[in-house]
Structure formats: C-alpha cells, structure tokens
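Student: Chain by chain, the residues:
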Amino acid sequence: MNTPEERPTLAVWKFASCDGCQLALLDCEDELLTLADRVQIAHFTEATRATVAGPYDVSLVEGSITTPADRDRIMRIRQNSRLLVTIGACASAGGIQALRNFADVSEFRSIVYARPDYIETLDRSLPIGEVVPVDAELRGCPIDRGQLLDLLTAMLAGRRPHLPDRPVCGECKLRGTSCLLVTGRAPCLGPVTRAGCGAICPAANRGCFGCYGPIGDPNTAALIPALRAAGLDEDGVRRIFRTFNAAAPAFADAARGEEGEQR
Amino acid sequence: MTHRHDRVLRVDALARVEGEGALHIHVRDGKVGEVQLEIYEPPRFFEAFLAGRDYAEAPDITARICGICPVAYQMSACQAMEDAVGITVGGAIGKLRRLLYCGEWISSHALHIYLLHAPDFLGFDGAIDMAARHRDLVERGLRLKKTGNQLMTAVGGRAIHPINVRVGGFYRAPAPSELSALLDPLRQALDDAIATVGWVAGFDFPDFEHDHELLALVREGTYAIEHGVPHTDRGLVFPVSELDHLVLEHQVPHSTALHATLAGRDRYLTGPVARYALSGRWLSPLARQAAAEAGLPAVCRNPFQSIVVRAVELVYAIEEAIALIEAYEPPHPPVVHVDPAAGVGYGATEAPRGTLFHRYDLDDRGVIRSVRIVPPTSQNQASIEDDLLRFVATRLDYDDARLTSVCEQVIRNYDPCISCATHFLTLDIHEGELP
Amino acid sequence: MTTTPYTMTPLRYRVVARRPDTADVVTLDLDPLGSPVQSWAPGQFTMVYAFGVGEVPLSVSGGEGHRIVHTVRSVGAVTAAICVAPVGTVLGVRGPFGHGWSLPDRGDLVLVGGGIGLAPLRPLVRTVMARRHRFGEVDLLVGARTPDDLLFTDEYDRWRESGISVHVIVDRAGRHWSGQVGVVTSLLDRLRLDPEITTSFLCGPEIMMRVIARNLTDRGLTAGQVQVSLERNMRCGYGVCGHCQYGPLMVCRDGPVTDYATAEPLMAVREL
Amino acid sequence: MVVLTGLTELVARLRAEGYRVVGPTVRDDAIVLDEIQSADELPYGYGVDAAPGRYRLRRRGDAAAFGHSAGPQSWKQFLHPPRRQLWTADRDGGSFTVTEPANPDERLALLGVRPCDLAAIAVQRRVFGEDSDYARRIDQAFVIAVNCTEPAEVCFCVSAGGGPRADTGYDLALTELANSRYLVEIGSETGSALLSQVVYAPAEPGDIATANDQIRTAENRMSRALPDTDLPGLLRRAAESPHWDDVASRCLTCGNCTMVCPTCFCTSVVDTTDVTGDHAERWQGWASCFDLDYSELHGGQVRTSGASRYRQWLTHKFGTWHAQFGQSGCVGCGRCVAWCPVGIDVTAELTALAATSDIDQPVPS
Ligand SMILES: Cc1cc2nc3c(=O)[nH]c(=O)nc-3n(C[C@H](O)[C@H](O)[C@H](O)COP(=O)(O)OP(=O)(O)OC[C@H]3O[C@@H](n4cnc5c(N)ncnc54)[C@H](O)[C@@H]3O)c2cc1C
Ligand code: SF4
Ligand code: SF4
Ligand code: SF4
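Protein chains in written order, with our numbering: chain L, 4 to 266; chain R, 2 to 436; chain Y, 62 to 333; chain C, 741 to 1105.
Check before you lean on any hint, since a few could be wrong.
SDA-like cross-link-like pairs, simulated, lysine to any residue; straight-line CA separation at most 20 Å [stated by the list, open to error]: (1) R/K147 <-> R/Y172; (2) R/K147 <-> C/R823; (3) R/K147 <-> L/D147; (4) R/K32 <-> R/A324; (5) R/K147 <-> L/G187; (6) R/K32 <-> R/D401; (7) R/K147 <-> L/L36; (8) R/K32 <-> R/F209; (9) R/K96 <-> R/P335; (10) R/K96 <-> R/A324; (11) R/K147 <-> R/H135; (12) R/K96 <-> R/Q151.
What the hints contain is simulated information worked out from the structure, not anything from laboratory work.
Bear in mind that the values here come from a model prediction, so they are computed numbers and not experimental data.
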C-alpha cells in the first residue's frame, strides 16, 4: 500500500445534477475500500467532510453549469486539477436541465417559484466542456459503474480507459437481443447512441432513449424514418432526441429538424 | 466573525448529505436569531419542463431529480399518471413494484446509516476514515447496500435510474431465476441488518426531543411503502387528491427553501420516524422484535434516534423482499394497458426519506399540462430548521467547531436529499446580520 | 522452443538494457524469462504487452540469439509505459509476426527510413553489413524532424565503415547542425540509381513512402523492386482480428513489408 | 434413409450424452438460438416474414419446428463467442504470471443448422485455421443440419454459391416432412452412433421424393440474387465510386449487419486491471468495421467517413475475402438484409455498383 503522500488524489465535484453519477462511485461496494487505499479521496462531500487542499490528480465532475457562481467554481477546479473527467450526461451535455436551453427561462422560473426574482441562473445549462477543457468524459445518465471503475483503474495503471466509440447496437448484439426496430417492438436510439450501458434497455424490451448521448458521427437523419416506422410521430421524434442529452449538438440538431418539419 | 455574543457559523459544503448545502446560524446577544439551511443546488426546473411532455416520460424524467431515490420518483409518477387516466395497477405488478421499492429502501438506508450517519456518532469524518478503524463494519454496510443495488438491478435494470419502470407496470418481468438468485444475499443481508439495529442502538444519543406533527402514508395491515393514505399522528387523514388544499409550500423571504406546511396547521415531519410511529404495528415480527430489543419507543421523538428506526426499516425491507421473491410469479403481461385521457392524477409513495407527492394534469392526448412535485426534503425543511434552532439554543457554550459539527449531525438526522428538493432557492448570504 | 507464435498469450521478457535514443524514443533489450519466441527476420514485428496497460505492435530493431531489441517512440499510453520501463521490468511478447524485408542476393540497395521508420531497417542494415561483399552500391537515407530526433546516430560511423553510404537529412535544423536540411526525396534526387539492379526498402510515414516510391518508379524501378513497410491497427498479429485490413491485405500476415506493386493501388484509395 | 417422428427423443438422447443442446426457440418476438432443455422449446408452428429491415413472427398453419428463416443470431454466438477471457495475469515479485482460462470441455449439440449456416461455419473455420479454438469447438460439437424448405424473402444462398441442401459438415441432416416427421441423412459415424440409440422408422416410399421436392421448391423460391459478375473485380474498380456516398447517406454505421453476419469474425481486445493494480485481464469481444475506433492509428482513425466504412464491409465480404481466404465471405443467409434497421440490402447495393461500374472511374491521383 502506498503511503498517503504517494497516493494520487481524487476529488469529486458536484454542479447541477441529481447525485446519481457520484453515487456510482459509492456503488462500487466491492472496490471502494481498496480504492481508498490506493488513492487519497481529497474532496467528496457525499462521502466525507474531510477535505484536502488541491491540486488534485483527478477531478471527477458531476453536473452542469447553470449559475454564474458555478461557472467561476469550475474554472478554479480546472486550475487545480491535473486531469478533469466529466461524469454523466449533465456534465458532458448539460443534462435534462438543458431543456431550458430550448425555452424561455424566465417563464420556467415563474412556473416553479413564487418569487422568481430570487433565482439567479444562466439561460442555458452548460456542459462542463463548454466552460473549461475536459480530459475525458464518462457518458450516461447515470454513468456505468463498470466504466467508472475502468477509468479509475486505468488512471492508476497508466492505461487509456476503454470508452469505445461505437453505438449501443454493438452491445445489444453482443448480448443477443433481437433488434427492436426490426421486430417492430419499439422506436430505439441505439444506432446513434454511444455504447457503455450494456444495452440494458433493449434487453428489457424497451427502446434506447439515448442517455449516453450521441456517438462520434451519428446519422440521425437516416434513423428518423425508422423511428417513424416504429411508431413515433414528429413530436415523438423531437422529444426522444430532447431528453437527457438534449443539448448534445447532434441530438439538438435532430430535434430542431423535426420542429422545422412540423411547421 | 466569531465572538461570544454574535456568531455566524458557516459550513459551506454540507458534507454527507446527498447534494450540497450550507448552514448559517446567526447568534445575537447570546440568543439564536436565525438558522438557515442554504441549499447550493441550482434550480433545475423539472416542474417547468415537464409541461408539454408525454405522460409516459414522467417516470424516467422525474427519476433524474434524485439519483439516491429514483424509484420513489418513478413510483409516485406512475401512480399519479395511472390515477389521471383512471387505471389501477395492482396484483403481481404491484408486488413487483413493492419489491423494487424494497431494493431502494435497502440501498438508501444502508448508505445513510453506514456511510453518512454513523460516522457522526463515532467521531469520524466519513465512512472511509471509519473503515481505517472499523473495516468490518463498513464492509457490512457496503454488503447491505450492494444487496439493495442487486435487487434494483434485477427488477429495474440498473440501480441508479432504473430503466424497466413504466406507467402501467414494467417493460419486462424478470425471470423467477433472476430473482431467486438474490435470496442468498438477502438472507445474509437480513443477518447484517439485525446486527445493524443492535449496533446503532448502542450509539450515544444527545438528549433532545422534537414535537413535529408526523405525516406518513398508512395502509391498514401493512407497512406502507408504494401505496397508502396520508395520515398524521394528530389525526389528520386526507386523500392524496386533497394535496393541493392541504400541503402548502411557501417561499419565506428569509429562508433558503420552499417550506411545506399543512393547511391550518404548521410544520410537520415525514420519513422513517413518522412511518414507524404510524405503521409500526404492521412491521414484521422480526423487525418489531429488533425494535423492541433496541429499546425503541412506539413513537420515537429523538431525531438522533432516527438511525435506529432506519435500521429497523432495513430489517423489514429485506424480509419483505425475501417474502416477495419467494412468492414471485412473473406478471403476464408485465404492464396494464394505458389509454391516454384528460385528467388530474395524484400519486404518493414513501421514499426512503419520506412521503413524495406528485400531481399531474394531462390533456386528452396524455400531454402534461402542469405538474406539482412535493419531495420529502422540502417538507422536512421547516422541521430541520426548528430542530436546529432549539438544539443550538442550549448549546451556545460549544466552540464553533463542535457546534458546527453537531448542527451538521442534526441535519443528517433527516437524511436530506438536497438534489431531490426540486425547488430550492439560492439566496445572497449576508455576513453577520440578516436583513 | 515454442511451437507457434499464433496465440494471444504473451511470453515474458525482461528489460535487460535501456538506451534513450531521443527525447521520446527508447531502445530496449529484452531477454526471455522462460520460453523465447521463435527466431525473427528483419522487418518482422512482435506484439509487446505492458502489464495492465495494453499491447502494441513493435518492429524488431535488433538482437542476437534469443534477445529481442525494440526501439519505441512514446506516442500514447502503451508506448509511454514501455518507454519508461526501467531495466528489470517484465513485458509480454508475442510473435514474431508478418513478412519481413526480402533481401535480394545481389545488386544495389537503397534503404530509406523516416523517423521511427528507421527501427525496422536497422536489422536489415546489420544483415547487409554481414553480406556487404555481395552487393554493389548500398545507400541508406535517413530523415528526421530535427537533428535531435535522429536515431542510432552512434552507429552511422560503423555502418559507413562497412561500406554503406549513410545520408542524413532533417526537416528543421538546430544551431549545431551542419548537415542537410529538407525532405528525404531531395537526398534521393542526388543518388545515381541503376534501375536495373536496385532494390529499395522504405519505412516511414505513409505519405513519405508514397512520394519516394513514386520517385523511384519514375526513375525506372519497377514497383516490384520497391518494398514498403505498412502500418495499420493491430490486435492479434496473425490475421484473425481483422483490424489491419488494407484492401486485400491483412497487414500483419501479408505485411507489414510488401512490395509497392501491391501497395500502390491501395495507397491511392482514400480511407482504405 | 430413415425417418424420426418428433424430436423429443433425439434432444433427450443428446442431453443424456452430455451435450449442451442449442437450438431455435422463441424469445422477444424472434427466433433466437439458445440452450434448450427439451424439444418442447423448439418454435413449433412459427414462421417468419422477413424483408429488408423487417422481421415478424407469424403463425404457420402447421406445427413445423424449422419452418422459419435466419434469426437475429447465428451459430457464431456459440462457436465464436461475443466476449471471452483470453487470459489473466498476476504480478509476482518483479514479474507476472499469465494464466489461460481452462478450456471448458463443453460439448455443444447444434440443432437445426441450415445449409447457409453450415457454409458459414466452414468459412469461419477457414479464417481461424485448423489449429484454433474455433476448429476445436466445432470438432467437438454434434451438428444436426436441417435442409432448407422455407427460405425468407431476404435469402440468396443459391446465388452466393450455397444452396438449400446441406452437403457436408454435419453429423445428421434432417428434412422436415409433414406431421413432425423428419427424414434423416447420416453424415458421420458419431451421427450414426447417436441415431442408433433412438427409435426411428424406415423412410416410406415417397418420403425422399417429397423431401427433394421441397428443397427444390425452396431453391426456386429464392427471390434475391447477387449480380452475376466478378464481384472482387467489380469492387476493386468501384473503390472510388460515388455510390458509396449514396449508401452512406442511408447507412447508420451501427454495425448490425456485421454482428448478425455468420461469417464476420473481427474482434478487439480490452486490457483491464483490478483496483489493486496487481491483477490484469485480457478480454476479447466482437468488433465491427463500422466502429469509428476500429481503424484507429496514433493520431486518428483511417476510416472516418461512413462511406469508407460501408465500402470496407461490402468490399471485404464480397471482394477481398477471396484474396485473404480463397472464397467469398458471404453465404447468402440474408441476415444483414433483414436485420439492418434501415433495410440496406447488400444485393441491391452490389447491383447498383455493377450498374455504374461501366462508367469510367476517375483515376485517383
Ligand atoms: C507493424 C508495426 C510495427 C510498428 N513498429 C513500431 C516500432 O518499432 N516502434 C514504434 O515506436 N512504433 C511502432 N509501431 C507503432 C506503434 O505500434 C504505435 O505507436 C502504438 O500502437 C501506439 O499505441 P499507444 O497505446 O502508445 O498509443 P495510443 O494512441 O494510446 O493508442 C491506443 C491504441 O490504438 C491503436 N494504435 C494506435 N496507433 C497505432 C499504430 N500506429 N499502429 C497500430 N495500432 C495503433 C492500438 O490499438 C493502441 O492500443 C508499429 C506499428 C505497426 C503496425
Ligand atoms: S447525468 Fe443523470 S444520473 Fe448523472 S447526475 Fe445528471 S441526472 Fe443524475
Ligand atoms: S440503452 Fe440507451 S437509454 Fe438505455 S441505458 Fe443504454 S444508452 Fe441509456
Ligand atoms: S453478408 Fe449478409 S447475407 Fe451474406 S452471410 Fe453475411 S449476413 Fe448473411
């Protein structure tokens, strides 16, 4: 075991989010304590009130930037981190709260709050990568525990984490699920969504709803007719692209295209 | 700034509550003037952007309010939608829902007891530090949590934000073999949970009592989890459809959060302590026995003892899961057909940390017109602040560090899930005096 | 002796010597810890595994007996791990794989190595030195980005002594550089070639190989007289993973060395 | 030749001999291949309507067990598993030891291998070689072929050089007759030995003729065909055809075609460590030439455009496979046509390329 001084430091930060992605770290029940032997958990308020000052070897960042104060905070964290890894759809693409990017935020405020003037927010929910440079992204809403562990063990070993840029279809076929689109069971975003989840939705008999965000070069235009054939109307197509990765450019464009067609 | 008669304690990131918040206590002339639980959680506007979405999307979307108790959101949302379109879902599907919910209780309670709350009582900064001295204990907690996660994965497809839940039931019914594989870990978990009750019962609890009205769902003959009628210990009983008249949320100018109160009444408390007070007699014999051995009174008024109640609920949830799996028959089909219809629907279920209300107004195509979500943490907000106020009042002689840490502990008694308080405000904090 | 290199299971080799060549290139001597791999030929490569990090194809750059020498440029995770491996480190080795250079019995030879591409040519140089008397003119053209990036500089004198003309050129000169500056082709232009009897061996960036090969064929060499060493993503090394396909070729199995007659039409196709 | 009535005894016998019987069964609205405990799990009475990008189960009028066409999986699921551990390694002192997983001594019985799939197994065997785990696995397996009497609309085995009749590579071959009767041909001694342990009857007069008729009818019903031309030559010439961009505009690059194809064999490896860092593993899993990182080199991928990746798949399968393995990579099973979510049809794309191949391609510079 390393002495504390030699251990690399790990910090976990939270912005606008549901805590699910950082919970994935606590969900590594079998590995957590061994991990804590190998890295110094320097900042992780969900787990400990002890905090060690930076700089940090690795910062895991959950959540999106939605307030001016958070924009400043992520810049400080970036300066203090050797590697900055975003965890989850919020951090990588703005998350579900990026739906505000397509609406009038002042109206949103007044729906939820009686005194909207107290609320200070940005008009958009920004992915971390739009504010500071990011070294790696763990996709998903939430992230996959296995991918998180691979990322952490890869960093400890000096390995490149295994984050393949392939669609969910690849994993779906690996587990032997029969295609939902072809059998006509459900509309599915698998062909344009990045793998990593293990294709759990198709295996549960439901279409992928894109929670890992787009692959590197999604052909959403070619998929849309298949989504329609599987039963989605224009509004359904718009909505399916506009959920947990609504602000990812490829999905935002696909949804916007459908809006155009509706008019 | 800190001197004897005028203190401001700032705890900028409130550790070990899920989500981040801060606590401000203002002491003037030796008296506690103000207590503020500030929530950092920036607004995410769920209620706003749900309008215009399809009814079927609500379980997935509202799950993202809170990664610690997504099942609670999914269940309350499903129930409200089913109410709106006028169907009832029960039988084998209902049992499967309860089983999934047990998974969340096990996992969330184990998390809170072992990783978040117990370190307070034993004087550690967190579970990782605690593991350096009590590795076996932390391992026991992690084992319990893992069992809950396995259960959620088997029924829900994954532990955080399950993907298998839909309005009307499930997308896929797990095969009996997938569930029976969990029986061994669950039996081990039951032993672990009973040991947990004994362990936490021995903690040193500060002498402190609250007098909040207790609210929980009640369902005659069973410990209410995924179904029930709101009751309070002072005799208020109301159908969930009365939610809007009876559960009021206010934005108090000096407060950081929406406070919920009961119409014509005052602050109230939901969560394990309330459930235990209102439904304790319907716990399983084993859970009741564990409670008795732990010396838990029928109504537990010491908020610090909530950890014991949680441990008792852990025993119950595990036993219940075992029973449900042993009697499991996969529902065919796993879903009740839903035809969208215009209407208003209400749902209420017991999240690990308290009652979670949803209300939806749908148009005739099933498109959501308006939404109201009342999560447990915002309901408990006023009670937490009241506890803090009274707790601090008699402990002003503590130095700042100690006072800060006990205050944090008071907050953690409630296992508050700050991200799940869908609508918390951020306020400008004034150093020293408040306006 | 192991019977077949066609397995995904590595054999263990220990780093017995380590020589930094440049800022980002290191030459490692590897000796087997147990069973060695089969003997290799110049131009062949092995798959080298750094524990817990991954495996990469590396050309053999030298070695006698059971020793294998690799010269590695640190560009990513695995090559970085190999480059920093101190003496004593145990690495995994599989192979040797592929077709090496085919050295004719006689004639003139032109060897061109760009950057790390000199590594697979080094054992060929050694073989040529051993049989120097059989050949006529032997020219070795070496190109690098800067003088500091030149490989094996301490060996050039020995190579020259054995009758090989070593010509060196860099893209960008430093202060102390008195040699040539420019692209390798300009060295080539100054060579007198007898196209009838010349065989050429090229290894370097694909674009460099194309330019030089075209230059050579323009000057009368047939494409069959030009050999190039190709590079593709590789996972297995023996033609069963599919990654290294290059048109009809499986580079690991049918290459990495192939003649330009085969490679030319492939290199002409975009994104093949 | 002899006739079996029903398959119950055959399956039971195989299981009694220690085989793990894998055969067609209905799951998730498709006929998949899975381990079966008894013949009851076969898809009796199910037929399939398949079209480009479309697959639907339908009820047949009879109780045929093999009256369906290729499903979403092929036998490679079992012979060339989607994921497998290659080895584990543990640090010891300054070195490490490598351990290969014990070869599971599992004997598979493959029940209902259609002739196209028998051909595909032979193709993969050629790819992996005689000294491979693949060859060992298939050699240990008991193969029960089923002659095809029910091609789907997407099939083209005849023009791919196969045919609806199994000729080699099986232990037993069945032809399904009416009323759950199966005409049996023996392909090996193992087959004959097993057959001797179940009750069978001699073929009745007319059985053989009926079987032959059915197979011939199947052959004539094949509605798709590859263009009748030198495909490797065509694809070589068409390397820079504008048609690739046309396909790319429709193609999702999802890789479904490669995954369902019974001959596609590409794999990637993944190296892992545990949290201690002292234990490492290497895993192998199916890869697809449609994956963006499949062709990765330091500094980027070789094939970034969808057009180049589609070209790689089609050219390999129908063209360069010949150079690499001396035969075509396609057996005409039709899976890639049916299971492409947007219904891209290799026969149509090849036909389109053939139609444009006369136009002089610009010589690339
Ligand atoms: C036949 C052959 C011989 C080679 N000989 C040498 C040599 O003698 N010395 C030397 O320094 N380099 C050589 N290379 C290149 C070397 O293999 C790559 O630099 C190395 O794979 C990069 O891996 P990495 O993990 O360091 O980089 P990363 O960029 O992190 O690569 C990650 C992964 O991408 C793939 N990859 C990336 N680049 C290449 C590449 N160029 N070739 C094949 N796969 C790649 C690998 O799968 C690798 O695991 C050779 C390549 C081939 C094909
Ligand atoms: S990405 Fe999803 S799971 Fe992760 S924090 Fe955001 S909402 Fe939660
Ligand atoms: S299948 Fe799609 S929606 Fe489901 S978990 Fe995977 S990426 Fe998310
Ligand atoms: S290319 Fe298509 S038709 Fe040919 S064998 Fe593969 S999946 Fe079957």
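Student: Now look at each hint and say whether the structure bears it out.
Tutor: Hint-by-hint comparison with the structure:
1. R/K147 <-> R/Y172: 24 Å, violated
2. R/K147 <-> C/R823: 25 Å, violated
3. R/K147 <-> L/D147: The given pair, whose Cα atoms are some 15 Å apart, holds under the 20 Å limit.
4. R/K32 <-> R/A324: 53 Å, violated
5. R/K147 <-> L/G187: 36 Å, violated
6. R/K32 <-> R/D401: It holds: about 15 Å lies between the C-alpha atoms, which stays within 20 Å.
7. R/K147 <-> L/L36: At roughly 14 Å apart (the allowed maximum being 20 Å), L/L36 and R/K147 satisfy the hint.
8. R/K32 <-> R/F209: Holds - the C-alpha atoms of R/F209 and R/K32 are around 18 Å apart, at most 20 Å.
9. R/K96 <-> R/P335: Distance ~11 Å between R/K96 and R/P335 Cα, so the pair holds.
10. R/K96 <-> R/A324: 10 Å, holds
11. R/K147 <-> R/H135: Cα-Cα ~18 Å, so holds.
12. R/K96 <-> R/Q151: Between R/K96 and R/Q151 the Cα gap is close to 17 Å, so the pair holds against 20 Å.
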